[in-house]
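Start from the sequences, fold in the hints, and give me the full structure.
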Amino acid sequence: EAQVTQNPRYLITVTGKKLTVTCSQNMNHEYMSWYRQDPGLGLRQIYYSMNVEVTDKGDVPEGYKVSRKEKRNFPLILESPSPNQTSLYFCASSLGGWGYEQYFGPGTRLTVT
Amino acid sequence: SQQGEEDPQALSIQEGENATMNCSYKTSINNLQWYRQNSGRGLVHLILIRSNEREKHSGRLRVTLDTSKKSSSLLITASRAADTASYFCATDAESSSNTGKLIFGQGTTLQVKP
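Those protein sequences? They're chains X and D, same order as listed.
The C-terminal residue of the first sequence carries number 113 in this note's numbering, and the numbering is unbroken.
The C-terminal residue of the second sequence carries number 1114 in this note's numbering, and the numbering is unbroken.
For the record, the hints were derived by calculation from the structure and aren't laboratory data.
Where a beta carbon is used, it is the ideal one built from N, C-alpha and C, also for glycine.
Treat the hints with care, since some could be wrong.
Stated by the list, open to error - So the derived label-pair ranges between C-beta atoms look like this: (1) D:G1040 <-> X:K17: 23 to 29 Å; (2) D:E1055 <-> X:E53: 38 to 44 Å; (3) D:S1058 <-> X:N26: 23 to 29 Å; (4) D:K1113 <-> X:L11: 32 to 38 Å; (5) D:S1058 <-> X:R109: 26 to 32 Å; (6) X:E53 <-> D:N1030: 23 to 29 Å; (7) X:Y10 <-> D:D1007: 28 to 34 Å.
In structure tokens:
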């Protein structure tokens, strides 16, 4: 089944404790991205990747890191999480950039205390 | 920056009725997409309409695009309780640089009562 998977689905952590949210897709998509969704602010793009070893900042990259060593994986790293990073995070993938539908993962609900 | 703005923010209808949601955007676009999100879950792609298209259908969904007014509408006909969800429009921004970034609106929350 074609899908985007994210782990963990739920995470409660404390300020400053490094964490990684994994994202994997099995559709051989070149394009992957991370969004966060907050009430009243909608979905905002954090980082995106056009292909392996190619990543770039989205609208809200501060406090996040990503890497794209393999085509299928695009982990999101929070080196020192803070409470303002409490949010619902979505990974997405598509065949290319514009003009292609994006496939979203199920989401990761992160709470930073 | 916010590109798409949906209207209304919330909509409540009876099963069997039609639901219409509107989206307005600010800058020229290449494509506009509509997505559905069930509560707290991932977004599901519904339809993509290109800037040179005026109307597109998919099952009970009809999307129109008016680039002169910078607006789009999503019509769901003969709604069902299972259509209860939030609906988002998403646009790219016409540019020589294809970043693939989608800019999402705030969404319309649709409730379909049985």
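Quick rundown of the hints versus the structure:
1. D:G1040 <-> X:K17: 23 to 29 Å: holds (24 Å)
2. D:E1055 <-> X:E53: 38 to 44 Å: Since D:E1055 and X:E53 have Cβ atoms about 41 Å apart, the given range 38 to 44 Å holds.
3. D:S1058 <-> X:N26: 23 to 29 Å: holds (25 Å)
4. D:K1113 <-> X:L11: 32 to 38 Å: Taking Cβ atoms as reference, D:K1113 and X:L11 lie about 35 Å apart, which means the hint holds.
5. D:S1058 <-> X:R109: 26 to 32 Å: Since D:S1058 and X:R109 have Cβ atoms about 30 Å apart, the given range 26 to 32 Å holds.
6. X:E53 <-> D:N1030: 23 to 29 Å: With a Cβ separation near 26 Å, X:E53 and D:N1030 satisfy 23 to 29 Å, so the hint holds.
7. X:Y10 <-> D:D1007: 28 to 34 Å: holds (33 Å)
When each numbered hint is compared with the structure, no violation occurs for any of them.
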